[in-house]
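A.B. asks: So the chains spell out like this:
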Amino acid sequence: MLFSELIAALREGNAGLQDHQVANDPNIQEGASLEIADWNQISFVEHGSNFAKELEKSKAGAVLLPINEDLRNQAIQKGIAWATLKDPRLAFAQTLGLLNPIFKPQKGIHPTAVIEEGVKIETGVFIGPHVSIGSGCHIKEGAIIHPGVVIYPNVVIGYQSELHANCVIHPNSKIGKKCVVHSNAVIGSEGFGFVPTKDGWYKMPQTGLVILEDNVEVGCSSTIDRPAVGETRIGEGTKIDNLVQIGHGVKTGKGCAMAAQVGIAGGARLGNGVILAGQVGVGNRVNVGDNVIASSKCGIHADIKSGEIISGFPAMPNRQWLRCSANFKKLPEISKSIKDLNRETFR
Amino acid sequence: MLFSELIAALREGNAGLQDHQVANDPNIQEGASLEIADWNQISFVEHGSNFAKELEKSKAGAVLLPINEDLRNQAIQKGIAWATLKDPRLAFAQTLGLLNPIFKPQKGIHPTAVIEEGVKIETGVFIGPHVSIGSGCHIKEGAIIHPGVVIYPNVVIGYQSELHANCVIHPNSKIGKKCVVHSNAVIGSEGFGFVPTKDGWYKMPQTGLVILEDNVEVGCSSTIDRPAVGETRIGEGTKIDNLVQIGHGVKTGKGCAMAAQVGIAGGARLGNGVILAGQVGVGNRVNVGDNVIASSKCGIHADIKSGEIISGFPAMPNRQWLRCSANFKKLPEISKSIKDLNRETFR
Amino acid sequence: MLFSELIAALREGNAGLQDHQVANDPNIQEGASLEIADWNQISFVEHGSNFAKELEKSKAGAVLLPINEDLRNQAIQKGIAWATLKDPRLAFAQTLGLLNPIFKPQKGIHPTAVIEEGVKIETGVFIGPHVSIGSGCHIKEGAIIHPGVVIYPNVVIGYQSELHANCVIHPNSKIGKKCVVHSNAVIGSEGFGFVPTKDGWYKMPQTGLVILEDNVEVGCSSTIDRPAVGETRIGEGTKIDNLVQIGHGVKTGKGCAMAAQVGIAGGARLGNGVILAGQVGVGNRVNVGDNVIASSKCGIHADIKSGEIISGFPAMPNRQWLRCSANFKKLPEISKSIKDLNRETFR
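Residue numbers (the numbering used here), protein chains in the order written: chain A, 1 to 347; chain B, 1 to 347; chain C, 1 to 347.
In isolation and in its complexed conformation, chain A is listed as follows (with noise of 0.2 Å):
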């Protein structure tokens, strides 16, 4: 695609296009990160990082730059085509979508898909080979099931979303619209509830079912359990990575993101736009509030107030607990200064 279409498309986009160049209009086959970009490729650079130097060197036949004075003249000065814009790394979304439209299996179902009675599949759906679908289902308008998926009786796949390859759906979840489940994702299965007993562990009935919103994406591998009573749900447009435990009964807000292997026990709430990084742990029954963001491997043991950051074990302010893993690298001569001044104090 030519520059000056990509400009013509971006201008209708909402990442705020400032100002341009089209240079030599090139000719853009794909997007490359800076410095490996060719001249037939795009990059982006973005606010407040060290990329002057890299956009120096770079060989790329185009950039798209934050709204900065110093990137645009080196731009200028290269004879390279440029855009500025509020919102680089959107525009370079927006770009690299346009370079490459999404691959969609053609529609239709596969003889090899088993698909019990009673299930019910509107238009425009693709079912791949291999796939199971159990009694009483219900898939919408455009879904795509990749081969190998695995639906249990009574489930509902919202308008045009997407299973891929391998995930299993267990019986009764809701699966919104426009949501999309990884590959060999497990969403609904029993949660994990065992009564102790003098003969051993007894099984809970897990009777509830899981809910994912509209716009939710569930990661590889990653597993979302129903409850023993009432739902699990995933609120709209939460993002959901790789070998994720959600565990019974939790409920999170709108637009959370949960970064690969992080743990939710049962029960606990999210509120809306939290953001958890990898390895985090949350207990059960635990609140976190709106907005809060806990770096890796942070373990949520009490209830956190919205708008929060926060780190460790357990879980700090995030500047409280810089402030005290610094110290803790310091703890050998913490005690040796201990012991010096015991000595020199209560001789």
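Hints are computed from structural coordinates only; laboratory data are not their basis.
There may be inaccurate statements among the hints.
Chain copies aren't distinguished; within one or between two, either way the pair holds.
Taking lysine to any residue and the SDA-like style, the derived pairs with C-alpha atoms no more than 20 Å apart in a straight line are [unchecked claim]:
#  : residue 1 : residue 2
1  : Lys57     : Lys104
2  : Lys330    : Arg319
3  : Lys107    : Gly79
4  : Lys329    : Arg319
5  : Lys57     : Glu122
6  : Lys57     : Gln18
7  : Lys78     : Asp38
8  : Lys104    : Asn318
9  : Lys57     : Glu69
10 : Lys254    : Trp201
11 : Lys339    : Tyr202
12 : Lys329    : Lys339
13 : Lys254    : Ile309
14 : Lys57     : Gly79
15 : Lys251    : Glu236
16 : Lys178    : Gln29
17 : Lys329    : Met316
18 : Lys177    : Arg319
19 : Lys174    : Arg72
Mind docking chains B and C on chain A? Use the hints.
C.D. replies: Positioned in the frame of chain A, the structure of chains B and C alone reads:
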């Protein structure tokens, strides 16, 4: 089911029914938590919980109570159906079981299942669509094998065991009676054993096997590896949550419970009744005694005596860890105090 | 196999056979650990291990020993077959390989496999039941594809590589020679990239690909994501255990090893020969130098120089961490000492 019918059933059970009042004998449809239960739903209250207020506000038609005078009086005052029991949680589990008979697929072998030669299949078995079973396997009476399951050669699946969709069982594994292997779990895969050589990692052949004793459950996407020689063994009645890793040659006692994302390294031994909370790690060849409880994210690098309650990383007695981590938060003040003391003492 | 035959084989190998005694030339059936081995089994003993006592009690018919006079004499005294070697563990691995020839399924394509148009399949390939292969793929000579595997379009599977049951390979991935992808692993799925906007998370298209170089292994249920642009690359001979997450754009050197539940965030770089123990986390864009060893649960937030041995969270040199965490356990006393000193000093 009428509340009076439920009482008759609980009287036969082992939850220790003490007293009850049928009131208007409501027709109970399902279980629900106190705060959302309606007139045709049943809830339960546990010892020591702050449920008195919730009970007051609840619209539940019936409640299962601990043996507690106040709660009992409150229920009487509300005029609802109630029962007092030694173990109301167990009674609730049994009630859910009565209200929600477990769905079992119809017996039979789906025509799309691929079963190699020399497989012995007993009566009353369900084998779903797109299942693959390797030669020499033995599927015992009443086993349920959901769609997409792959069983490698020479595996034994015990009486009434259930394998959920898309799980994989590797060669020579032995699954006991009434086990449940949840979706996408992998049993009996090769242990992670490599010998360092100057030409890189040389694979140690993993010629052992995995044994699940009776009544074991393995969660979704959990992995249990076989060892180079000998066996990996999960003791009777042990329950394993989702995304748990059990390394090659691990042995666990009976009745253990492991929450999600626990990792147990090769050759470790757990006694009976060990409970590991979420994201706990157990090191290579470590011995964990009977009835040890490890709290979440605990890192167990050295042997632990029976009966210990441990926390932290590296693991220490829980009480000590609580004190130490409380003081960790004071490290900046501690550091400052020492500076002041040094100034004062050594001036 | 007779012990004398084994010796002939080990003489050809690279485990450094030094001396041996055939004794009664036992017919070795299999490998076993010293404490349970019987007369027709073979065990091994390593340098520096406390195996002298175990060897004394062992009923093993044959042992592979390090070059150690005491152990050798003990074996002579027991009258069993023995060999001394520079690397007895490597010799044991080779012995297990000889005693247990690897099971390989018969070549051929199962009739239930669904192979789209334009797939190139070389000779000597096994493709099992219910496999799906998308258009444009290239399956090279000797590849083994177990039941239930799903391969998206335009993937290359290298010479003699093995894909275990129900794993999933996403578009454009390139799997090198003699790689092993274990059950339920996912290669080449979309990286977790979203741009925050006022209307929620906007998906960054993930147009890159994943490359596994030759001799790479990826454990069960591990996930390796493709990036927005460019590649995620796993270096030759790198071994990855179960439930490991490799984020988009990560690059590892050759011969790395990652234990179970390791997580590596997007854009991180590992040098050659890096070893990460269980549950280690590596942060976004962090650079880890050659031959770094990180102990379990380590959290790596900043670049690490080649050759370092690191521990803890945040990561620090292992020796420092041992001292600091020993002092962490003394924090309550330290705190009390400071109170006493303050009282004494500032009274």
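A.B. asks: If a hint holds in the structure, say so; if it doesn't, say that too.
C.D. replies: Do the hints match the structure? See the list:
1. Lys57 <-> Lys104: Answer is neither; intra-copy 37 Å and inter-copy 51 Å both fail.
2. Lys330 <-> Arg319: Both. Shortest intra-copy (17 Å) and inter-copy (13 Å) distances satisfy the 20 Å Cα cut-off.
3. Lys107 <-> Gly79: Cα proximity of Lys107 and Gly79: none, with 46 Å in one copy and 58 Å across.
4. Lys329 <-> Arg319: both (16 Å within a copy, 11 Å between copies)
5. Lys57 <-> Glu122: neither (53 Å within a copy, 43 Å between copies)
6. Lys57 <-> Gln18: neither (24 Å within a copy, 57 Å between copies)
7. Lys78 <-> Asp38: within (14 Å within a copy, 71 Å between copies)
8. Lys104 <-> Asn318: Classified as neither: same-chain Cα gap 43 Å, cross-chain 49 Å, threshold 20 Å.
9. Lys57 <-> Glu69: Within one copy only: 18 Å inside, 63 Å across.
10. Lys254 <-> Trp201: between (36 Å within a copy, 10 Å between copies)
11. Lys339 <-> Tyr202: neither (54 Å within a copy, 50 Å between copies)
12. Lys329 <-> Lys339: both (18 Å within a copy, 16 Å between copies)
13. Lys254 <-> Ile309: within (18 Å within a copy, 37 Å between copies)
14. Lys57 <-> Gly79: Classified as within; 13 Å inside a copy, 72 Å across copies.
15. Lys251 <-> Glu236: Within one copy, since 11 Å is at most 20 Å while 33 Å is not.
16. Lys178 <-> Gln29: The answer is neither: 28 Å in one copy and 33 Å across copies each exceed 20 Å.
17. Lys329 <-> Met316: Classified as both: same-chain Cα gap 18 Å, cross-chain 8 Å, threshold 20 Å.
18. Lys177 <-> Arg319: Answer is neither; intra-copy 39 Å and inter-copy 48 Å both fail.
19. Lys174 <-> Arg72: Neither, since 49 Å and 38 Å both go past 20 Å.
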